[in-house]
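Q: For the record, the sequence lines run as chains A and B. Under the numbering used here, the very last position in the first sequence is 238; numbers go up by exactly one each time. Under the numbering used here, the very last position in the second sequence is 889; numbers go up by exactly one each time.
Just to be clear, a hint being listed does not mean it is correct.
Claimed, not checked - Covered by chain A, according to a simulated footprint, are these stretches of chain B (three or more residues, beta-carbon under 8 Å): (1) 438-450; (2) 612-626.
Claimed, not checked - The calculated DSS-like cross-link candidates involving lysine-lysine, where the alpha carbons are at most 30 Å apart (straight line), are: (3) B/Lys250 to A/Lys188; (4) B/Lys250 to A/Lys100; (5) A/Lys235 to B/Lys583; (6) B/Lys287 to A/Lys231; (7) A/Lys235 to B/Lys746; (8) B/Lys836 to A/Lys231; (9) A/Lys117 to B/Lys338; (10) A/Lys197 to B/Lys746; (11) A/Lys188 to B/Lys796; (12) B/Lys583 to A/Lys100; (13) A/Lys188 to B/Lys746; (14) B/Lys848 to A/Lys231; (15) A/Lys231 to B/Lys815; (16) B/Lys824 to A/Lys231; (17) B/Lys522 to A/Lys231; (18) B/Lys746 to A/Lys100; (19) A/Lys235 to B/Lys845; (20) A/Lys188 to B/Lys845; (21) A/Lys188 to B/Lys848; (22) A/Lys231 to B/Lys746; (23) B/Lys845 to A/Lys197; (24) B/Lys287 to A/Lys117; (25) A/Lys188 to B/Lys835; (26) B/Lys724 to A/Lys124; (27) A/Lys188 to B/Lys657; (28) B/Lys522 to A/Lys117; (29) A/Lys231 to B/Lys583; (30) B/Lys522 to A/Lys188; (31) B/Lys845 to A/Lys231.
Note that these hints are calculated values from the structure, not bench results. Backbone N, C-alpha and C define an ideal beta-carbon position, used for all residues, glycine too.
Each chain, letter by letter, is given below.
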Amino acid sequence: MDKTKSRIVGVRVNKEQETMLSQLQQKSKLSKSELLLKGLETLAEYSNLGPEQEPMQTALQRLEKEAVRHMVSLKKIRRKEEAIKDFVREIRKVDEIIDKHGCDPSMLIQILLDVQKQNNWLSKSALVWISERLGVPMTRIMQIATFYTMFSLEPQGRQTVQVCTGTACHVRGSNELLTRTESVLNLKPGETDPDLKYTLKTVNCLGCCALGPVMTVGGAYHSNPSVAELKELVKEHE
Amino acid sequence: MNKIRENKTMKKLKSVKDLKQLHKTLLAERKGIKKSVAICEGTGCYAYKSSAVADAFVEEIEKRGLDKEIVVRRTGCHGFCERGPMAKIFPEKIFYFQVKPEDVAEIVESTLLKNEFVEKLLFLDEKTGKRCAYQHEIPFYKLQNQVVFGNNFLISPKDIEDYIAVGGYSALAKALSGMTPVDVLQEIKKADLRGRGGGGFPAGAKWETTRNAPGEQKYVIVNADEGDPGAYMDRSVLEGNPHSVLEGLMLGAYAVGSNHGFVYVRQEYTTAIENLPIAIGQAKQLGLLGDNILGSGFSFDVTIHQGAGAFVSGESSALMSAIEGRVGEPRPKYIRTAVKGVWDKPSNLNNVETWANVPLIVNNGSDWFRSLGTEGSKGTKIFSLVGKVKYTGLVEVPMGLTLRQIVYDVGGGIRNNRKFKAVQTGGPSGGCIPEQFLDLPVDFDELSKVGSMMGSGGMIVMDEDTCMVDVASYFTKFLADESCGKCVPCREGLRQMKRILRSITEGKGREADLSTLEELGAFLKEASLCALGQTAANPVLSTLEYFRGEYEAHVLHKQCPARVCQSLIVFHIDPLKCSACGTCRKQCPTDAISGDKKLVHIIDQDKCIKCGTCFQVCPTRFSAVTKLPGGPAPEPVAYGTKVVQKSKGEK
Chain A
1 MDKTKSRIVG VRVNKEQETM LSQLQQKSKL SKSELLLKGL ETLAEYSNLG PEQEPMQTAL
61 QRLEKEAVRH MVSLKKIRRK EEAIKDFVRE IRKVDEIIDK HGCDPSMLIQ ILLDVQKQNN
121 WLSKSALVWI SERLGVPMTR IMQIATFYTM FSLEPQGRQT VQVCTGTACH VRGSNELLTR
181 TESVLNLKPG ETDPDLKYTL KTVNCLGCCA LGPVMTVGGA YHSNPSVAEL KELVKEHE
Chain B
239 MNKIRENKTM KKLKSVKDLK QLHKTLLAER KGIKKSVAIC EGTGCYAYKS SAVADAFVEE
299 IEKRGLDKEI VVRRTGCHGF CERGPMAKIF PEKIFYFQVK PEDVAEIVES TLLKNEFVEK
359 LLFLDEKTGK RCAYQHEIPF YKLQNQVVFG NNFLISPKDI EDYIAVGGYS ALAKALSGMT
419 PVDVLQEIKK ADLRGRGGGG FPAGAKWETT RNAPGEQKYV IVNADEGDPG AYMDRSVLEG
479 NPHSVLEGLM LGAYAVGSNH GFVYVRQEYT TAIENLPIAI GQAKQLGLLG DNILGSGFSF
539 DVTIHQGAGA FVSGESSALM SAIEGRVGEP RPKYIRTAVK GVWDKPSNLN NVETWANVPL
599 IVNNGSDWFR SLGTEGSKGT KIFSLVGKVK YTGLVEVPMG LTLRQIVYDV GGGIRNNRKF
659 KAVQTGGPSG GCIPEQFLDL PVDFDELSKV GSMMGSGGMI VMDEDTCMVD VASYFTKFLA
719 DESCGKCVPC REGLRQMKRI LRSITEGKGR EADLSTLEEL GAFLKEASLC ALGQTAANPV
779 LSTLEYFRGE YEAHVLHKQC PARVCQSLIV FHIDPLKCSA CGTCRKQCPT DAISGDKKLV
839 HIIDQDKCIK CGTCFQVCPT RFSAVTKLPG GPAPEPVAYG TKVVQKSKGE K
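Using the sequences and the accompanying hints, generate a full structural model.
A: So this is what it looks like as structure tokens:
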């Protein structure tokens, strides 16, 4: 017998057992913990058949607990890995944008615009990364991100509903249109519903004053829709 | 046509001669084209789905095998947004309005092949009852002189060859081959071109300051941060004819001695952002941008910079700090930006329309330009005529036309035959001009005399259903939101004015408020850092001067005579007219209306959010819902009252 002993999922095994286990593992395509659990299950079933042996039972229980503990921590690690991967993916995209603009601090607004366009909002992590890469202090980035209306520091809905409140639309009754839209969507301007379906916004001019009062739902223009028409539009874009 | 072009590589032009040769070749190539159709794809027409019409034209013409003789162009804005989508047939200049894809086959069949009109799509002149086919017959275009805007009809913004075919870049060639930078500068100075962006500062003088400022590196900048709500002429020029702006910019750069330019364009103008890089790319391919342009030794390059939505960023010093990558806030201008601008280098900034005028002046001479317009303001101006006017759109008229001519002759008067009340010019910084000044000739100086300004050319027409207090409150709220907050008078002054105006529109105003507003306004004018604050009180002060009665109605009687201010107005159903059709009850978003079959409907005033739905949907044959200027609402009839039966003849 080989005396060197190694551990599998915290359980001591000898060489022979290890090869056997890994063969089994390869065949069954299970993880080590899962395999161990399976084995324990079989053992438990087997031991239930025979006369009850106190020490065997406790040892089994101990092993089972150990294996479950490993499973849980493995899952946690995987989740963390996923989160980090997501994060890296996001930062990589931000990186691409920064490189596209030549990592030039004077292009800060352009970079933020592109990030906003891609992610639909500016996350804290993206902003920190931009600050690090460009060597621009975070305060200045926040100053810009809060100054311009284009940027949002919260996730936005998948569809943007814009009600034009430009002067031409205003004199043609955009106030009433806005009140109607608010009541149909149950949102105030600037708000997003909890399901991230819609964000209601007001804009200063859409440049098609002949249609006024005008609004857009998902990029399509609509001239002064009534409540019934609004409900239809909302349904269409759900 | 487009297919041929794709296969052709654009050869670099090495001299002025090459450009002239290209122009000739293009004209020769295009001789075979008998007719062309221009479809407007400006924002207004795009919203009316004009792309589908253009697609239908292309398909129909290909189907009939006419694509060698007839060209379809997707162009920029044609101005007459009220009647979009528009299709214009060249060379006859026949205009068709409100064209739908299903009309296309008929247009091709009768107009393009048989030279007959499609009557139903022609413009109907309501005064004479006649249909107008040609551009010069349509009242909207009759008084216009589209020198800057005219080429929009003829060129596709995505094709530099279209621009060269109509004589584009010939001004640049003229300057580079026979004029010194000083000659160009003198020509602009002689033409007396004033900045189209608002202030009306002489462009020539500004150029000269930059030219004479110390320093090697100089910049020229296009200000396309058109933030005035209800104004979109710069957008239409930049979208429809980007090369004219670029050519003007190059001439300016040549005159002031700059080799780099910026175009600062609003992020909201997606089409412009799409078309500009294409235009710049094509100009580079032809060697019209880059090093040693047309072999003259003059080099020039352009960078596009996108704005991110801040009204104040259109101010010159704010715009320049945005280009540097900082927040677009203005700074005190003890030293002009023409001397110390972007990165403290001399920077000459002009508005889109100003730049677009430059090639015209260089080509036709300053005397031609001076022949248009008035004594103090030369040339033409594009106005965006919007609001309660019958024909909404962009109009380019010579300076000095009266407001009456613009609103009534070009714009066709007021919608729905309502009464004219005022016209607001100059965007949020301008004022409201009442009826008594309708015969005022429109130019930079005359508008300032009556407390308004030219601004970038927004003209918002208001009728008797527009509440002037609400308009003042609207602009003040807009400006308070857009104030950068750097200087106290603007930040705090506007906030207080906004608060006071809101309380007036909510019926909580006091008599003393009006004098407080005047005081604050005067203070803002004196003490603010930049033009935003200095002019911010104009809407309030001008309405207070000309429409004090309306303010008093709000303050003293708690009524909104124009029936606009939502907190004051009351919706009421006339029990004698209500026919219990139930339309309003079904559509009311808050279920504020109760009623039943044959029972008079009643509005619960506590539940009503004053969205106007009932007023909008009540069938015109009943017109039972009325808007009252102020409360309290008349006592409603008791629930269960039967509707008044109308005999059949009484309808």
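Q: Run through the hints listed earlier and report the numbers of any the structure violates, in increasing order.
A: 1, 3, 5, 7, 9, 10, 17, 18, 22, 25, 27, 29 and 30
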